[in-house]
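Undergrad: The listed protein sequences derive, respectively, from chains R and X. Heads up: the first sequence begins at 1 in this note's numbering, then just goes up one per residue. Heads up: the second sequence begins at 1 in this note's numbering, then just goes up one per residue.
It should be emphasised that the hints constitute simulated quantities derived from the structure, not laboratory data. Predicted model only: the values in this text are computed from it and were never measured. There may be inaccurate statements among the hints.
As the list claims (entries may be wrong) - Pairwise CB distance ranges, derived in the manner of DEER restraints:
no.	chain 1	residue 1	chain 2	residue 2	range
1	R	L304	X	A111	28 to 36 Å
2	X	T60	R	L304	33 to 41 Å
3	R	N315	X	T60	14 to 22 Å
Yeah, the Cβ is synthetic: ideal placement off N, Cα and C, and Gly gets one too.
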Amino acid sequence: MSQAPAVRTDAAPAGSKATAKAVGHAPGGEPDYEPTPHVARVVVPPRSWRSELRAIRIVFRRELIRFRSDRLRMATSLIQPLLFLFVLGSGLQQLSQAGTHGVDLKTFIYPGILCISVMFTAMTSAASIVWDREFGFLREMMVAPIRRSSIVIGKCLAGACVASIQGVVLICLAGAVHVPYDPLLLLGIFGLQLLLAFTITAFGLMVAVRIKQIQSLMGIMQMIVMPMFFVSGALFPVNGLPGWLSVLNRIDPLTYAVDPMRRLVFEHLTLSTAARRALDPGVTWWGWHLPALFEVGVVLGLGLVMLGIAIWEFNSGE
Amino acid sequence: MDSTTPAIDVRGLRKSYGEIEAVRGVSFEVAPGEVFGFLGPNGAGKTTTINMLCTLARPTAGSALVAGHDVVAERDDVRRNIGLVFQDPTLDGYMTAEQNLRMHAELYGVASGLIPGRMRQVLEMVGLWERRKTQVMTFSGGMRRRLEIARGFLHSPRVLFLDEPTIGLDPQTRSSIWRYIGALQQTEQITIFMTTHYMDEAEFCDRIAIMDNGEIVTLDTPDALKAQIGADRVTIRTADNEAAVAALADRFALEAKLAEGAVTFYVASGEQFVPRLFGELGVPIDSINVSRPTLDDVFMAHTGSTIRDAEEAGGGVKDRNRMVVQAMSGGRW
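Let's have the full structure, built from the sequences with the hints guiding it.
TA: Right, here's the structure in full:
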């Protein structure tokens with residue numbers, strides 16, 4: 001831009017003088033930097049769809065890099081689901097044999113556990129936006145010539161991806177709870193997990209995007225995650241519940257992920273009709289039996305709406 | 001943008017946060033290739049001004065053009081043309097130096113083919129090429145700063161903003177950072193806009209604006225600012241400092257200040273004044289020191305405190321009022 005920067009000699013001495021001074025400023029000693037064989041100045045292009053996609057991709061990649069370097073998180077986030085599945089599942093089996101029609105309780109709660117493990121991880125991923133804010137990195141992204149929505153979308157997709165990767169560990173345990181390793185089933189489970197992970201990350205981002213401190217977020221998350229998990233029917237069939245619980249259950253978004261997951265798994269089991277009816281009754285709205293695809297649509301729709309809200313909040317903040 | 005367009009052109013810029021007016025109408029121009037320094041006590045409005053120029057805060061009134069683009073209407077164009085090194089670190093400690101730079105290049109849409117060469121260039125410039133595969137969390141404060149500066153340069157900005165780039169670093173690291181900044185600026189001919197607390201760093205600037213209470217109180221080259229003071233600083237230690245202050249006022253009509261067991265005052269042609277002082281003061285003098293005005297004196301003349309005091313009084317708490325009260329109550333003066 002400025003080959004001859006001396007423009008206003010009166011008050012504004014030009015760059016040449018400044019740099020002469022700068023080099024002189026160095027108190028000898030170390031050899032000074034010698035300009036390398038010249039590398040062309042780079043150019044930052046105007047914003048375009050392509051640059052936004054690149055931004056989304058790099059935000060996504062960063063989350064994966066961080067996830068890979070955080071082995072501890074990988075291990076600890078598996079503890080809770082495993083506790084529920086094997087400890088609670090085995091323990092309560094002693095009491096519930098009569099009610100499960102000979103089906104192992106672990107098998108029954110397995111689809112629910114698949115969902116909540118994804119949920120826990122996705123929530124943690126969403127918290128990363130608060131970490132970034134607290135440690136300053138968010139600023140680096142916010143001053144870049146990109147849309148803020150690209151940051152949110154990148155983070156949301158990455159959260160979904162990370163949570164699904166974790167989910168694979170639980171998918172691998174299918175055999176331990178008498179669920180067959182049918183490729184179609186495994187693929188279906190993975191797909192549902194991916195979808196749920198996306199929606200929960202969007203939900204988490206929606207909550208997290210305005211929060212400034214990680215402690216407050218942790219508190220809020222605890223307040224939301226456990227009730228959502230307990231009410232969802234991950235641990236019990238959702239028909240014949242007391243009225244109030246029934247209402248809460250139908251409001252809980254997680255319900256609409258747990259139910260299709262359970263249907264999918266149970267379709268691949270050999271069960272008596274009685275057992276199937278008792279354990280996998282399906283979700284109803286005023287007596288209408290929701291089709292699985294409809295439920296999947298609900299989860300996806302909720303995810304998109306919440307992502308939209310998160311983006312809107314992020315845009316209007318600061 | 002040709003070479004006659006100012007790199008930064010600010011007119012009547014204001015920013016209020018509710019009742020508080022952080023910036024009260026500042027105007028200035030920065031020429032392309034210039035190194036422009038912003039000085040002022042904590043809470044004077046420096047960072048708020050930088051934030052507005054960087055499109056991170058929206059001005060309440062007034063206008064600002066950076067690299068020829070309006071900071072409100074053409075936010076993206078401004079962002080493409082500026083580099084930023086913030087007061088607080090903004091690196092991802094879990095990523096390596098290289099990954100941090102790569103992320104930046106991608107966010108700024110630098111052509112993929114140019115990234116490796118450019119990354120190597122800036123990393124070599126700040127002496128971190130060997131450490132490129134290391135996680136940033138293991139870096140020392142000085143190394144992190146250097147990496148941030150390299151990152152600020154990575155996309156060849158026209159204007160680089162440095163907000164207290166060397167705060168909290170030891171003197172050796174500070175001087176090496178300035179050496180790197182100087183070398184980078186020389187290679188790319190970019191405009192630098194910086195804030196600092198350190199006088200030696202202010203000397204490095206082509207021009208300096210001193211800001212206080214949200215306004216620019218003076219703006220000129222360091223030499224011109226020092227010449228403005230028009231007087232040398234004389235510091236004497238005497239047997240009876242109180243009496244010396246009174247005598248200076250009585251016999252020479254000079255306003256002197258008592259601080260740290262010494263009497264300080266300003267007088268034109270200090271050397272010639274010394275013989276008269278010995279002859280006519282009437283209080284025995286133990287020692288005397290005459291010095292040319294420094295930027296510290298300039299700063300004191302305009303803001304009523306030395307840079308160091310301003311920093312200590314602020315103590316990181318952005319409470320201008322407290323600091324002003326402290327300066328006025330004259331705890332140290």
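Undergrad: Identify every previously stated hint that the structure contradicts and give their numbers, smallest first.
TA: Structure breaks no hint.
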